[in-house]
Amino acid sequence: MIEVLKTGLETCVQDFPGRKGAFGMGFPPSGPIDHWSFRLANLLVGNEPGDAALECQFIGPALKFKAPAIFALTGGDMQAKLDGEYVPLWQSVAAGAGQKLEMGPALTGARCYISFAGGVDVPPFLGSRSTFVLGKCGGIDGAPLAVGGEIPVGVGEGISGRRIKRKCLPPLPNNGKWLIEVCAGPNDDWIDKAGQKRFLESMWKLSPKSNRVGFRLEGPKWTFTRKAIDKAPENGSDPSNTIDHGYPIGAINLGGQTPIILLNDTLTLGGFINPYTVPSCAFWKLGQSRPNEIYEFELISIEEAQARKRAINATCSEDSIELA
Amino acid sequence: MIYDKPKFLPGGDRFIEMELGDELNFDLNFLVHALTAKIREAEIQGLIELLPNMASIVISYDPDTISYADIKAEILTHHLAMGSLEDMELLSPIYYIPVLYCDHVTRACWEDYCAKITEKEYDPDLMVRLNDLDGYDQLARIHSGTEYWVAALGFYPGLASLIALDPRCRMTAPKYNPPRTWTPKGTIGYGGSVTCVYPAQTPGGYQIIGHTPVPVCDIAQTLPAFKDDLALLRPGDRVRFFPVEREEYDYVERRVEAGNYVHNVASYAKFSIRDYHKWLDGLEMKERF
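Chains as they are written, first to last, in our numbering: chain A, 1 to 324; chain B, 325 to 613.
One or more hints might be untrue.
Derived contacts from chain B toward chain A, CB cut-off under 8 angstroms, selection only [unchecked claim]:
id	residue
1	M378
2	V382
3	A476
Honestly, the hints are just simulated from the structure, not real lab data. Cβ coordinates follow ideal geometry from the N, Cα and C atoms, glycine included.
All chains, full assembly: derive it from the sequences and hints.
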């Protein structure tokens, strides 16, 4: 058991790949945005890669271990200290009963993952322990960590001193610029040639008005094809309006002139077009980017996107681990 | 129009949007749900989820189990085997939901919006004006005068998009601009030509015209209807609203709070598209309730 002393900024229990099978009822998958760092965190402490762990966002929590535990931190650097001693990222660490883990704002990246040997042991909801804050379900009481709350931990056999090989780490950029993969579609034919070129050749700023539901982007104007303008009235009046349809996770959803990347806690349907989709291989980048950082988009094929995801999956294995 | 052959539009490495047509049309929506049912039955390896909507189905799949080309080919086979729309029949339970129209909860929500966000016409007044009705009584009579078809489920967990099956009872409504920051759970909303029951307290953009104490989604699964499921309604189900007075509303609310409310559903009901078309053909469209 672990006691919550400070919550951090919306720190939540997540598991991977999150909630499956309830999308059609309106439940998005939830789960960690940077699922690469998340899985590495679990592997370090001897868990299954998808076991439940904590996702800290921008500012980490302060926790008190009630019993000895093996834990690991991956992702963004939130300056974690265990009883005042700096804790290395990407490495499993032993904590004794009564020790305090204190974290601060992210120095690099945006999300830090805390795994515990044995995993976070909360009851699954619709087959997943992931927290869906908007729907008030999953995780601990359907909500982020609360001060004074307790995090139940299962029984695990982790050991300390395991670390991720340097060459297997997600390569965080240090200049605040990200090259994000996108695939064309489903509704790219609503955007004219000039608009498509502008999207792919412009720099886009990640708005501070972003969260796990969607990332809002700021950039140049969109222009449309005839299909978006000359259409049946039930589509709605704006060029970006269409008949209600389901939303893929990662879709770049265009409402008026504002593109929003739909993330893990997305609303599942609506009446706006999705000209492009960010494939799963780029989600770790979304998870680690900070407000006001810059995105540029790289158009790749579906096959290439699937190959890049397989390459990431391949590093989420015991082969990526060495003893410190 | 309804396309002869569905369009497959890829959405990244693990989603496909399959478009069956490009309009709001009951037959098209019926086809969407009939095909969704067929694909579900087929239990295609590597297919993860289906998200049917008005005119399209979003499909999520695992590309390590099935390729884009293979899942597309397999789904096309099921589409080809669909047969004639006229011959289709679906089990379509009818849920009866009591509504207190133009009530205290609706008014309080509207007053709060006017005070905190911006002044706007009271929603039932706006509905009466835009749809050329005599008053609140006719608004209730028209809204409760038809069966509704669950055309889609989602946006928010358990939220069903309902369309009127009797064309004489179709109304239209603009959406709030800017949207409400909160809508009480159980509020009856109307936006475009779609009506809904808010499954939980959420933001919202539909005009609000009444309130029901009957829950349509319950993640705690307290009432008997939610024993095996969290959401009451599924696409292809039907809803019938009936107007009640405050006394009956309070009674139902007490039953819900006590955890012993039993949802009223005719679960044996079937829907035949041929019979529906025949009934539509015989309607005198100028008659209004």
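Against the structure, the hints:
1. At a threshold of 8 angstroms, the smallest CB-CB gap from M378(B) to chain A is about 5 angstroms, leaving the interface hint in force.
2. Because the closest C-beta pair between V382(B) and chain A is about 3 angstroms apart, less than 8 angstroms, the hint holds.
3. For A476(B), the shortest C-beta to C-beta distance to chain A is roughly 6 angstroms, which falls under 8 angstroms, so the interface hint holds.
The structure is consistent with each of the numbered hints, conforming to all of them.
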